[in-house]
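Chains as they are written, first to last, in this note's numbering: chain A, 13 to 456; chain B, 13 to 456.
Check the hints yourself; a few may be wrong.
Treat identical chains as interchangeable: a pair holds within one or across any two.
[Said to hold, decoys possible] Quick list of in silico lysine-lysine cross-link-like pairs, DSSO-like style, CA-CA up to 27 Å:
#1 K200 x K244
#2 K203 x K244
#3 K200 x K327
#4 K205 x K244
#5 K317 x K327
#6 K327 x K275
#7 K275 x K203
#8 K200 x K275
Treat the hints as calculated values from the structure; they're not laboratory data.
Protein chains: 2
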Amino acid sequence: MTSLLLEISPHQVEVAETLIQVGRFVVIFLVARAIAELMVRLQLPTILGELVAGVLIGVSGLHLIVPPGTQATINAGVLSVLGSLAEILPGDVQSIYNETFPSLQAVSQIGLFALLFLTGLESELDELVAVGVQASTVAVAGVVLPFALGTAGLVVVFHVPLIPAVFAGAAMTATSIGITASVFGELKWLKRKEGQIVIGAAVLDDILGIVILAVVVAVVGGGAFSLAPLLKLCLAAIAFVAVALVLSRKAAPAFDWVVDRLKAPGDVAVASFLVLTVCCFAAQAIGLEAALGAFAAGLILSASKHTHDIDAAVKPLVALFATVFFVLIGTGMDLSVLNPFDPANREGLLVAGFLLLVAIAGKVAAGWSYVSAEPTNRLVVGLGMMPRGEVGLIFLGLGSQAGILTPALEAAILLMVIGTTFLAPILLRLVIPAEPNGAAPLAP
Amino acid sequence: MTSLLLEISPHQVEVAETLIQVGRFVVIFLVARAIAELMVRLQLPTILGELVAGVLIGVSGLHLIVPPGTQATINAGVLSVLGSLAEILPGDVQSIYNETFPSLQAVSQIGLFALLFLTGLESELDELVAVGVQASTVAVAGVVLPFALGTAGLVVVFHVPLIPAVFAGAAMTATSIGITASVFGELKWLKRKEGQIVIGAAVLDDILGIVILAVVVAVVGGGAFSLAPLLKLCLAAIAFVAVALVLSRKAAPAFDWVVDRLKAPGDVAVASFLVLTVCCFAAQAIGLEAALGAFAAGLILSASKHTHDIDAAVKPLVALFATVFFVLIGTGMDLSVLNPFDPANREGLLVAGFLLLVAIAGKVAAGWSYVSAEPTNRLVVGLGMMPRGEVGLIFLGLGSQAGILTPALEAAILLMVIGTTFLAPILLRLVIPAEPNGAAPLAP
Numbered sequence: 013m014t015s016l017l018l019e020i021s022p023h024q025v026e027v028a029e030t031l032i033q034v035g036r037f038v039v040i041f042l043v044a045r046a047i048a049e050l051m052v053r054l055q056l057p058t059i060l061g062e063l064v065a066g067v068l069i070g071v072s073g074l075h076l077i078v079p080p081g082t083q084a085t086i087n088a089g090v091l092s093v094l095g096s097l098a099e100i101l102p103g104d105v106q107s108i109y110n111e112t113f114p115s116l117q118a119v120s121q122i123g124l125f126a127l128l129f130l131t132g133l134e135s136e137l138d139e140l141v142a143v144g145v146q147a148s149t150v151a152v153a154g155v156v157l158p159f160a161l162g163t164a165g166l167v168v169v170f171h172v173p174l175i176p177a178v179f180a181g182a183a184m185t186a187t188s189i190g191i192t193a194s195v196f197g198e199l200k201w202l203k204r205k206e207g208q209i210v211i212g213a214a215v216l217d218d219i220l221g222i223v224i225l226a227v228v229v230a231v232v233g234g235g236a237f238s239l240a241p242l243l244k245l246c247l248a249a250i251a252f253v254a255v256a257l258v259l260s261r262k263a264a265p266a267f268d269w270v271v272d273r274l275k276a277p278g279d280v281a282v283a284s285f286l287v288l289t290v291c292c293f294a295a296q297a298i299g300l301e302a303a304l305g306a307f308a309a310g311l312i313l314s315a316s317k318h319t320h321d322i323d324a325a326v327k328p329l330v331a332l333f334a335t336v337f338f339v340l341i342g343t344g345m346d347l348s349v350l351n352p353f354d355p356a357n358r359e360g361l362l363v364a365g366f367l368l369l370v371a372i373a374g375k376v377a378a379g380w381s382y383v384s385a386e387p388t389n390r391l392v393v394g395l396g397m398m399p400r401g402e403v404g405l406i407f408l409g410l411g412s413q414a415g416i417l418t419p420a421l422e423a424a425i426l427l428m429v430i431g432t433t434f435l436a437p438i439l440l441r442l443v444i445p446a447e448p449n450g451a452a453p454l455a456p
Numbered sequence: 013m014t015s016l017l018l019e020i021s022p023h024q025v026e027v028a029e030t031l032i033q034v035g036r037f038v039v040i041f042l043v044a045r046a047i048a049e050l051m052v053r054l055q056l057p058t059i060l061g062e063l064v065a066g067v068l069i070g071v072s073g074l075h076l077i078v079p080p081g082t083q084a085t086i087n088a089g090v091l092s093v094l095g096s097l098a099e100i101l102p103g104d105v106q107s108i109y110n111e112t113f114p115s116l117q118a119v120s121q122i123g124l125f126a127l128l129f130l131t132g133l134e135s136e137l138d139e140l141v142a143v144g145v146q147a148s149t150v151a152v153a154g155v156v157l158p159f160a161l162g163t164a165g166l167v168v169v170f171h172v173p174l175i176p177a178v179f180a181g182a183a184m185t186a187t188s189i190g191i192t193a194s195v196f197g198e199l200k201w202l203k204r205k206e207g208q209i210v211i212g213a214a215v216l217d218d219i220l221g222i223v224i225l226a227v228v229v230a231v232v233g234g235g236a237f238s239l240a241p242l243l244k245l246c247l248a249a250i251a252f253v254a255v256a257l258v259l260s261r262k263a264a265p266a267f268d269w270v271v272d273r274l275k276a277p278g279d280v281a282v283a284s285f286l287v288l289t290v291c292c293f294a295a296q297a298i299g300l301e302a303a304l305g306a307f308a309a310g311l312i313l314s315a316s317k318h319t320h321d322i323d324a325a326v327k328p329l330v331a332l333f334a335t336v337f338f339v340l341i342g343t344g345m346d347l348s349v350l351n352p353f354d355p356a357n358r359e360g361l362l363v364a365g366f367l368l369l370v371a372i373a374g375k376v377a378a379g380w381s382y383v384s385a386e387p388t389n390r391l392v393v394g395l396g397m398m399p400r401g402e403v404g405l406i407f408l409g410l411g412s413q414a415g416i417l418t419p420a421l422e423a424a425i426l427l428m429v430i431g432t433t434f435l436a437p438i439l440l441r442l443v444i445p446a447e448p449n450g451a452a453p454l455a456p
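Chain A on its own, in the form it takes in the complex:
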């Protein structure tokens, strides 16, 4: 691949890079927007349109946006058009495409961070603390139930060996906070008690997920299982939550003081982005997910008097780049494992049906795990915890790389992830009644 690239001039490479990078945005936004508009008219969340758009243009569809990890190739027609425009060979276009793909992923990460930042910004700290116990119960129940039922079922019913069964069970514990936050935000249920329980539980679930991942990787690695790094991780998680809670109470006035003294243009945008990136860095540095830092950053600034301006500065980033994030999730999903006419798929489909059932039932049941004085819609809470999304795919990717999953089990986990991810927005939309004017009810 590289030897081919050496024969073409840097200018041609640059032209091809620009065409590919800009062209990918055109395809993503055109298709995602078209299907999102359709979804809105069907009174379904737009994120579903973004996921479907990804599937349509991804490895299961037109092969326009193909993550290099999936080993699929770009649509040959597109390669030859781009090649003739940049005056290089289609093979070179494919190489440059793959080399520039991380840039698209980096932009999509900015979108995810911006979305979680916005979710934190629109969260009520007091409300989050008030539902802390309920959120913890939901998170723990939503981890234990799918893990225990899934692992046990795989071992007992399907005679899967213990290690892959544990791995599949672990993949079922995830919750995609991004998808949940997006759906709740659009339906204006983020500030309701159900919304706050789900967001709080999803955040805790992300933290639990990191711990589970560390345990599973240690078990799978087969090396000496040591408790020290795990304890360190748990301590880091607790410290992180504690610091974030303290800063949410104390740091906003300091932020406002600084912003009031800034005079150069774009002050609020840059200052918020700085807080966002610092928190992402801090979270990642102590071993947690950077995305958790983004949520914490939003929570910290939710008490600022500039929230309206921060909101206005961050929303375009979410509209543009979180869309890229969700479309990319869709592009990586290979739906061919769904085809029941291919005999090779049948074992996977059977296991998948079981996993999907447990994945849905486990999380929905978690909605009934907490105690609440006032009535809440427990089904909304359970369904909100359901989508595995990108977190499930990360688990799957790790399992594939470690080589511990059979093709059938790999397909089954993928189907479980796809099923929960697509069903959650649809079911939530059905459960949350629309207002007569087509909009969802506003939070009180």
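Fit chain B to the known structure of chain A by using the hints.
Then chain B, alone, in the frame of chain A:
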């Protein structure tokens, strides 16, 4: 490098990638904002602060942000801190740093496109057309004068061979529309006649620059010089300007019609970004710069009734990512060639002094090249055309790669680029009087 990477786990690589990518944003925004605030208090344009910030953290400074092309290495302390956080070797951090750098450049490109889009959006089409003749005169004079004087001087006075002299002359024809647009926008002179002449001339200069580049590359390449591709390029440029002008008159109502029918959230942001990326793709596809397409996209939408919302959606992208773009320009500038105590620099400094003089005089003189019935500030026009910025650096990079420049001439061109880039915002600020309240006068 790659063999080292194979020994560390994908998870460690991912942690390191996130720390590096997020950390780079933290450094860039922290330093750029601090110095931009200083500049505002000195009544200087903030872009100067961004360039200075880049120099401070780049190859001439702290080695925190180092473009891989410069062959400099990252600050060893930073490498070891990041390495210990991600539990990998400092050498691996450097590899991952270099591999992820294109993502930062892609984000900075989005910033440049957003800035030029905003410039087009805030331009008055009728005013631009009205100053079309003046802008063309300024553009042509600003290309011919520095090129002729520079090339002739290098050959006659400094006995530089013809081909490198032609190349250096060509590098002096560039105008950085980004820097100019940023300064004029901040000083609120974009909608004045001077602002429109400079923007129009800078756009034409970009087109001329592409043609000049094609000629120079053909000459330097030494191959058979054929007129056909050049004619094609000229035709493409004319067609592009014509289509953009027609669309500016006709396409905005169609855009408004579509936007009015969009219901999913983020409609204006996504629709504008779609127009932006389509225009960038079209411009690049016919052989022009994608950045020109971004300007054209803004111009096309400047007649939309949604300009206020478009403006609000694009401004955060400019505030965040155009900052990254200008900081990156600064990081790549190696100021060590400025040291007069190093004897190796003296020849370059002498040539540089000459080039800088011609570069300033040639563009400033172009400000007196047009005929205007009403009085205009010709010095503002001339100074506005002065910064070579990233366009000059692109020429320099091509010359280096082709191996046709001596180290002294390379240093001289770099100094000419640095000098014009830094002097232009300062001189413009001195020439454009500040209002008593510290703000620049508003356009009438």
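Structure-based check of each hint:
1. K200 x K244: This pair counts as neither: shortest intra-copy Cα distance 37 Å, inter-copy 54 Å.
2. K203 x K244: For K203 and K244, neither the intra-copy (33 Å) nor the inter-copy (58 Å) Cα distance is at most 27 Å.
3. K200 x K327: Close inside one copy (15 Å) and across copies (26 Å); limit 27 Å.
4. K205 x K244: neither (32 Å within a copy, 64 Å between copies)
5. K317 x K327: both (17 Å within a copy, 21 Å between copies)
6. K327 x K275: both (22 Å within a copy, 16 Å between copies)
7. K275 x K203: Classified as between: cross-chain Cα gap 22 Å, same-chain 33 Å, threshold 27 Å.
8. K200 x K275: between (34 Å within a copy, 15 Å between copies)
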